[in-house]
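**Q** Spelled out, the chains give:
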Amino acid sequence: DTGVSQDPRHKITKRGQNVTFRCDPISEHNRLYWYRQTLGQGPEFLTYFQNEAQLEKSRLLSDRFSAERPKGSFSTLEIQRTEQGDSAMYLCASSESGRPQAFFGQGTRLTVV
Amino acid sequence: SQQGEEDPQALSIQEGENATMNCSYKTSINNLQWYRQNSGRGLVHLILIRSNEREKHSGRLRVTLDTSKKSSSLLITASRAADTASYFCATPGDDMRFGAGTRLTVKP
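The listed protein sequences correspond, in order, to chains A and B. The first sequence begins at 1 in our numbering and counts up one residue at a time. The second sequence begins at 1 in our numbering and counts up one residue at a time.
Be aware that a few hints might be false.
Within a straight-line C-alpha distance of at most 25 angstroms, the following computed SDA-like cross-link-like pairs (lysine to any residue) qualify [to be verified]:
no., chain 1, residue 1, chain 2, residue 2
1, A, K14, B, R41
2, B, K56, A, K71
3, B, K26, A, Q101
4, B, K56, A, Q101
5, A, K71, A, T20
6, B, K56, B, S73
7, B, K70, A, P8
8, A, K71, A, E52
9, A, K57, A, P8
10, A, K57, B, K56
11, A, K57, A, A67
12, A, K57, B, E5
13, A, K57, B, N31
14, A, K71, A, V19
15, B, K26, A, T20
16, B, K26, A, Q41
17, B, K70, A, Q101
18, B, K69, B, T84
Everything labelled a hint here was simulated from the structure, so no lab data went into it.
For reference, chain B alone in the conformation it holds in the complex:
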C-alpha cells in the first residue's frame, strides 16, 4: 500500500472553532483510516471510512471521502484544548504506512 499525505502540516485554532485536515493518496483503496497521536504516545484509531462511503460521523468527527479525487478530509467540530495532537491518515493494505501528519493546536 502507499501512504497518505496530510495537509496542512500544522494548524492552530481557538477552542470552539472547527478544524479541517485533508489527506491525499495515490492508488485505489478499500478503506481509509484516521489516527490521532498525542505527544510522545502511540497512535489511536479514530475512524474508518470504506471506499463505498462518502461521509461518516463519530461524535464531533466528520470524515469525507472522494475516491474520484483520491482525497479525504477530517473535520473536528467545536474543538477543545484536548484535541491538540497530530492527526494521520492511513490507507492500509498488507502493510500500513503513514504520512507526516497534521499537527493541530487548539488554544484555550
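Isolated chain A, as found in the complex:
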C-alpha cells in the first residue's frame, strides 16, 4: 500500500457537466475526509466518513455535491452541474480511528471552463 490515491489528478470540464472523483484510502484506515482548496487558502473541510457512514457535512457541501463510501473502502465525490466557482483542488485524506494523524492524497485539480 503506497498511501492515499486520488483519481484523476487533473480534470477539465465544461460548466454544467457532472464530474466524479475517486479516493482510495490506506487500506486499514476507517476514517476518510474530503477537502476543497483554492489557491492561497487552506483546505476547507467538506465531509468525512467513519467506515461507510457519512458523519459530518460542511455547509459548503451544497446539494450539487455528494459523497459516498459504499463499502467503507474507497470514496467518490460527485459534483453536479459544475460552476466556475467549483474550480479548486479536491483533497482526500484518511486516518485510523483513535489515531489523529491523517494521510493525504495528492489531490484532484478541477478546472471548470
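Following the hints, position chain B against chain A.
**A** Below, chain B without anything else, positioned relative to chain A:
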C-alpha cells in the same frame, strides 16, 4: 472540532535562518498537529504534540504548546530552500479542519 489559525500569513527568510510560525485555537484539545504542503501537492504530517506536552522535537523542527494561551509554535531551524511550503496546524476531533496556513519562502 475547530480549526487553528496560523500566523503570520507569509514569511520570507534567507537560507540558514530560523523560521517561527504560530497557531492559535479556541477550545480545549487532546493534541495539535502541524502539516506541510508543497505547492500543488497534498498535505504531509510533520509532528504531533499532545496536550500534556509542552515541547517536542523532530529533526530541525521544534514545536511548543501552551494550553493556557491556546497557542502553539513551530520552529524550523537552519532553514533550507526545500522548506519552502505552506504550513498548517490542526486540532483534530472527529473531523479535522485547517486554517489558512503560513506560506514560508526560504531564499537560497
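**Q** Find the hints from earlier in the document that the structure breaks and name them by number, from lowest to highest.
**A** The structure conflicts with hints 2, 7, 10, 15, 18, although it agrees with all the remaining ones.
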